[in-house]
Amino acid sequence: MKQIAIAVIGGFRAESVQMRRSKLLLFLATVQSVIFIFLVSIFGLTGSRAPIAIVDEDRGFYSAIFTDSLNNAHHSFSLKFMEKEKALDAVKHGDLVSVIKIPAGFSSGIEAGRNVFIDVMVDNIDVDMTEDIQRAVPSAIVNFARKAGLPGIRVKVNETDMIGHDTGFIPYLVVSALALAAFVVSGILSAAALSHEFESGTIKLLEIAPVNPLAPISGRIAASALYSLAVLLISLSVVIFFYGIIPLHPLELAAAVVMCVIIFSCAGALLGAFLKRTLPAASLVFGLALPLYIDSGAMEPERFDGNAIWAIAHLSPLYYAVGILEHAFHGFQVTPEPVFINFIALFIWAAVLLIFTAGVLKARMASC
Amino acid sequence: MTDGLPAVSFNDVSCRIGSRKILEHLNFQTGRGIIHGILGLNGAGKTTLLSLVLGLRRSYEGFVSVLGETLPGRNAMRIRRRIGAVLQETALYEELTAYENLLFSASLYGINNPKSRISEVLEILGLDNRSGDIVKTLSGGMRRRITIARALLHRPELLVIDEPTLGVDADARHAIWAHLRYLRKEGITVLAATNYIDEAQAICDTVSVIKSGSLIITENPGKLIGRAGCCVDLECSPGISGHIASEIQKSFNGGINRTEITSSGLSVFIKEGTKPEKLAMDIMKNYTVSGFRIRPPDISEIFSMLEDRV
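From first to last, the protein sequence lines stand for chains A and B.
Residue 1 is where the first sequence starts when you use my numbering, and the numbers rise one by one after that.
Residue 1 is where the second sequence starts when you use my numbering, and the numbers rise one by one after that.
It is worth saying that the hints were derived from the structure and are not from the lab.
Hints are not guaranteed to be accurate.
Claimed, not checked - Derived DSS-like pairs (lysine-lysine); straight-line CA-CA distance at most 30 Å:
1) Lys271/B / Lys285/B
2) Lys115/B / Lys23/A
3) Lys92/A / Lys80/A
4) Lys223/B / Lys362/A
5) Lys185/B / Lys115/B
6) Lys275/B / Lys223/B
7) Lys278/B / Lys250/B
8) Lys23/A / Lys136/B
9) Lys115/B / Lys2/A
10) Lys84/A / Lys101/A
11) Lys136/B / Lys276/A
12) Lys275/B / Lys285/B
13) Lys211/B / Lys250/B
14) Lys21/B / Lys276/A
15) Lys136/B / Lys115/B
16) Lys271/B / Lys250/B
17) Lys23/A / Lys84/A
18) Lys156/A / Lys84/A
19) Lys21/B / Lys362/A
20) Lys271/B / Lys223/B
21) Lys2/A / Lys362/A
Just so it is clear, the structure is predicted and the values come from calculations on it, not from any experiment.
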């Protein structure tokens, strides 16, 4: 037992020194981790700032109310007032998604009780945007009618919020991005630590030593996990201090981050042992990261995406990690499973990956 | 330290990798406290043989015993403590210093007071002033010496070394030979695989020559070379080399092993007892020869000689 402990410490110390000397790798891992946080913020921005031109040829009392209604009708618009010619030119050049024209005589027409037509030109290159406009304009008209006190509106929304506070899309996204950053950073650092043993031939050194090779390798993976944790703390600081998202349950958050690092370090080690090469292992970590992330409830609770996708999500530890992180930061229950079940699932993932990594490592060493 | 049993014993050992036979009915024994060479060309099966000794390959036929213990067995961990290994690839952590590499290795062997033992081996290998250098900045010879130092950390009874001087310059080569001789003096048995006959002659007490996985002979390297005789390379035109070959067979009746026409002239392999200088001078007197060189036979020439005998 003492011998194993010495070997674990030896592996830990050696990997720590190597990591300390690999400053570029650590720097890039940190940058990468923070970039993921910003990357998902861009996801949030792209859907919410679609440029739409308003050509107001009326400039009357009712056209102002209508524009205001349109502004509040859909979160994904960025309305700009433009002249007709400039707006049509911009939509042709791909600078605008749509041009909404309020015709001259709009206000007088409303006052006189006539039907008034609003021209909408849409760049339907992306049906998602087209449908947004198709939804937004009628809802703006209803809103406008209510604000203007026009007769005929009989139905009003009576909203009851499940959560006492509203949360922006970006704060929702960046929290889940921590799980993605943990996956990529821990996965790559531990995969590199293990595959390096095969690349440099030092795995044979471990194989002829009078101690189970898993002992020094565990020490190495533990060291790489510790560095991953340090990198993630930087990303966590960005989420808290730059985005201003304060966790509601800090201990839960700490436990979730540590669990993520452990699990994803094991996953990286498994890939490193299996592939025996750093480059393919790192590429595979990247390749797996986005699909697993997107199917984890990172954008919205995964249950909302349909039963099939939700069922598949259970196969990924990111699903449980995102569930815990959203609860830890925002107090959200984004998985039907309670948070403690998510923690148990992560523990099971960690145990399975550890056993699996040991098995694969043994098999790969035998085939050296 | 010794129990009278051979350090390494192979008894009718055969080994395959896939469908390819690597070792075939191999029998040999290595005495204790000597340097025993495994001599063979690339692909002869030397590294596979060493991997059996180190327990890296567990699937084979026959019996292998190392330091009196049969492999593979339950006692694998105990045997490993008694063996040091220098693998063909240096297998060092490039970003660590020599000292840090040894410190990591010491942790694998559970060495007590590793710092003082590391200092000792570094001094033995003449590396004490380079211990703080990062491995990737060191020369091939230095790296080789670190791997030897690493193999000696736990005071092994048997040192298994694959290609002791692979990729090192002449100075480093001689230094490594000197270290291996020192280890023999200290009572450590060395099993060294090499494909250089001069290396075998320089360090080995006995050599086992293997070809295509089969043992050809186990002998003292000096005797082996003596039996092959030395070689006189003559520089002459292709037109007369055939004539010289037939003439010297007659005039040095029984003193010539064989002759070989080469691109630069003629190589004459002479038997023990025949004086190469006399042969060269006699030829130069009678034929137009622009130069000559006396040298020991190389490994392929020894193989030719051994095959001729077989």
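Hint check:
no.	hint	verdict
1	Lys271/B / Lys285/B	21 Å, holds
2	Lys115/B / Lys23/A	27 Å, holds
3	Lys92/A / Lys80/A	16 Å, holds
4	Lys223/B / Lys362/A	45 Å, violated
5	Lys185/B / Lys115/B	24 Å, holds
6	Lys275/B / Lys223/B	17 Å, holds
7	Lys278/B / Lys250/B	15 Å, holds
8	Lys23/A / Lys136/B	16 Å, holds
9	Lys115/B / Lys2/A	18 Å, holds
10	Lys84/A / Lys101/A	8 Å, holds
11	Lys136/B / Lys276/A	21 Å, holds
12	Lys275/B / Lys285/B	16 Å, holds
13	Lys211/B / Lys250/B	33 Å, violated
14	Lys21/B / Lys276/A	26 Å, holds
15	Lys136/B / Lys115/B	22 Å, holds
16	Lys271/B / Lys250/B	14 Å, holds
17	Lys23/A / Lys84/A	56 Å, violated
18	Lys156/A / Lys84/A	34 Å, violated
19	Lys21/B / Lys362/A	25 Å, holds
20	Lys271/B / Lys223/B	12 Å, holds
21	Lys2/A / Lys362/A	22 Å, holds
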